[in-house]
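Construct the complete structure from the given sequences, taking the supplied hints into account.
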Amino acid sequence: MINPNDASCAAGKIVKHSLTIAGHRTSISLERAFWDRLRRLAAERGTSLAIVVAEIDARRGEANLSSAIRVFVLESAPWPAPPQG
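In numbering that gives the first Met the number 0, the protein residues as written are 0 to 84.
Worth flagging that the hints you see were computed from the coordinates, not collected in a lab. A portion of the hints provided could be inaccurate.
As the list claims (entries may be wrong) - If you anchor each label on the Cβ, the simulated ranges turn out as follows: (1) R31 with R59: 17 to 25 Å; (2) W78 with G11: 20 to 28 Å; (3) Q83 with E61: 36 to 44 Å; (4) G11 with Q83: 27 to 35 Å; (5) I13 with P79: 25 to 33 Å; (6) K15 with A80: 31 to 39 Å; (7) R59 with Q83: 33 to 41 Å; (8) Q83 with A53: 36 to 44 Å; (9) A80 with A21: 20 to 28 Å; (10) H23 with Q83: 43 to 51 Å; (11) P79 with S17: 17 to 25 Å.
We treat Cβ as the ideally placed atom computed from N, Cα and C, and that holds for glycine.
Structural data, given as structure tokens:
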């Protein structure tokens with residue numbers, strides 16, 4: 000049974016943030032878990048969230064910005080090594 004108070008449910012909650020990208024104010028809706036990881040990635044790079052999102056925006060082509068951010072976060076995640084055997 001799903002517990003709505005479970006941390007994984009909170010991480011999946013959609014959160015909207017407004018950022019300025021290339022001089023334009025935009026609102027982006029992402030799950031809390033993606034915002035949290037994106038903030039950590041920005042901190043690891045020593046830069047701001049807005050700069051990281053602007054870099055993603057500049058490279059995204061035709062993709063939706065929220066989708067491009069999710070892909071960026073997933074591609075930045077460390078993947079476990081495949082099992083040896």
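Here is how each hint holds up against the structure:
Checked against the hint of 17 to 25 Å, the pair R31 and R59 passes, with Cβ atoms roughly 22 Å apart. At roughly 21 Å, the beta-carbon separation of W78 and G11 lies within the given 20 to 28 Å, and the hint holds. Taking the beta carbon of each, Q83 and E61 are about 40 Å apart, inside 36 to 44 Å as hinted. Evaluation of the 27 to 35 Å hint for G11 and Q83 yields a pass: the beta carbon distance comes to about 33 Å.
Checked against the hint of 25 to 33 Å, the pair I13 and P79 passes, with Cβ atoms roughly 28 Å apart. Our hint of 31 to 39 Å for K15 and A80 holds, since their Cβ atoms are close to 37 Å apart. Between R59 and Q83 the beta carbons are some 37 Å apart, a value that agrees with the proposed interval 33 to 41 Å. Judged by the Cβ atoms, the range 36 to 44 Å given for Q83 and A53 holds: they are separated by roughly 41 Å.
The hint said 20 to 28 Å for the Cβ distance between A80 and A21, and at roughly 39 Å that hint is violated. About 49 Å separates the C-beta atoms of H23 and Q83, a value consistent with the hinted range of 43 to 51 Å. Under the hint 17 to 25 Å, the C-beta atoms of P79 and S17, about 35 Å apart, miss the expected range.
Hints 9 and 11, counting from the list given before, are not met by this structure.
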